[in-house]
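Q: As a plain string of letters, each chain reads:
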Amino acid sequence: MPRYGFVIDLKRCYGCYTCQVVCKASNHTPKGIDWARCVPAEAGQFPAALRQMIPLVCMQCAEPACMEVCPTGATLQDENGIVTVDKELCMGCKYCIMACPYGARQTVEKWTTYFPDAEGDLDPYEAHAKNAWEQKSGYGMATKCDYCMDRVSEGRQPACVEACPAKARYFGDLEDPESEVSILIRRERGFQLNPEFGTDPSCYYLPPR
Amino acid sequence: MDWRFYTPLAEWFPCPSHEETNPDFDLWAFSWRPSFHTQSSTQNNPWLDEISVNDPFVYLIQINAETGRKKGLKDRDIVYVENKLGRKIKGPVKLVEGMHPEQLGIAGCHGHWARGIPIARGKGQFFDDLVITDKEHTDSLTQGSDACVKVKIYKATGR
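Sequence lines, in order, name chains A and B. Following our numbering, the numbering of the first sequence begins with 1 at its first residue and continues without gaps. Following our numbering, the numbering of the second sequence begins with 1 at its first residue and continues without gaps.
Derived from the structure by calculation, the hints contain no laboratory data. It cannot be assumed that every hint is accurate.
Unchecked claim - Here are the simulated lysine-lysine pairs, DSSO-like style, with alpha carbons at most 27 Å apart:
| # | chain 1 | residue 1 | chain 2 | residue 2 |
| --- | --- | --- | --- | --- |
| 1 | B | Lys123 | A | Lys31 |
| 2 | B | Lys123 | B | Lys152 |
| 3 | B | Lys152 | A | Lys110 |
Work out the full structure: start from the sequences and follow the hints.
A: Pasting the structure below:
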């Protein structure tokens, strides 16, 4: 079976936040919820300072800490290595949020509008997003990035990979040694973020320089 | 008529900010553009505003970390940035390493005040308030305004 994974090239990422916005547009996540995030960081001192954007997604760990602590069995790992949350089983205890070392999980208590000053009902676009969110995820339960499995099952790429204007994101099968992601990891010395956490993430990064 | 600028080939001339002699105005202010904003039209987009709020640079005035420490400033201190005409803008400061010690950066096209754009209103700083638009600061050949300006920065006390 495949093990789906990401490769994010830190050389190519220039911090445009397209991944974050397209994820929100594609998955209809509410205000304050970002499954694909970008964290700008600075390293070094002037004049040798480096500003680096660190794009983050769910790491879809091979040994997920979130699954280990889930008391209801709502967190599952499918045959492709994708960690999912069963909407019916999750009781919203937030253990997984505490356990995930990468901060990939969030929870939503209620829909918060982006337009608090607007009068009347939600505008049609926000109403559509709210409806889509309630069908897919809902409130009170843990939510997370699932590498856009609905799109992948249709033979497409995850939304953030498809949209990245810098072509800094790659998606593929880590088990296949001839896949683009496996070749990139081998050729460009791809690394996992904080491997010392011991969860064996499926998201790899290519070094910035 | 000043014919100095009418050269046969494009040439660099120092603008008045390069000839400023008052040591109080020790920083060159300039504006930069976050890559996810377009001109002054996208600041009211709620998704982009959400990114701007969480980005540690966009809504803050950035100066070099060492320069800031010498001036007794720390991250998120509320400061005034003032030009030699006494026009000033106010906002939180961010000490960064990726900035020249003599420069001060402000993300451009922010600081909207129109009530019709409530998401953008009052966020970030309006850089153009600092820019001086008179004959001396305008290029006589292209009519371009000088986009850099000498400023001083100091901590805001009280309200």
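Q: Run the distance test for B/Lys152 versus A/Lys110: straight-line Cα separation, threshold 27 Å.
A: Not satisfied, since the Cα-Cα distance of roughly 46 Å exceeds 27 Å.
Q: Between B/Lys123 and B/Lys152, does the CA-CA distance stay at or below 27 Å?
A: Holds, because 21 Å separates the two Cα atoms, which is no more than 27 Å.
Q: Is B/Lys123 within 27 Å of A/Lys31, Cα to Cα?
A: Holds, at roughly 18 Å.
Comparing the model with each numbered hint stated earlier shows that hint 3 is the single one that does not hold.
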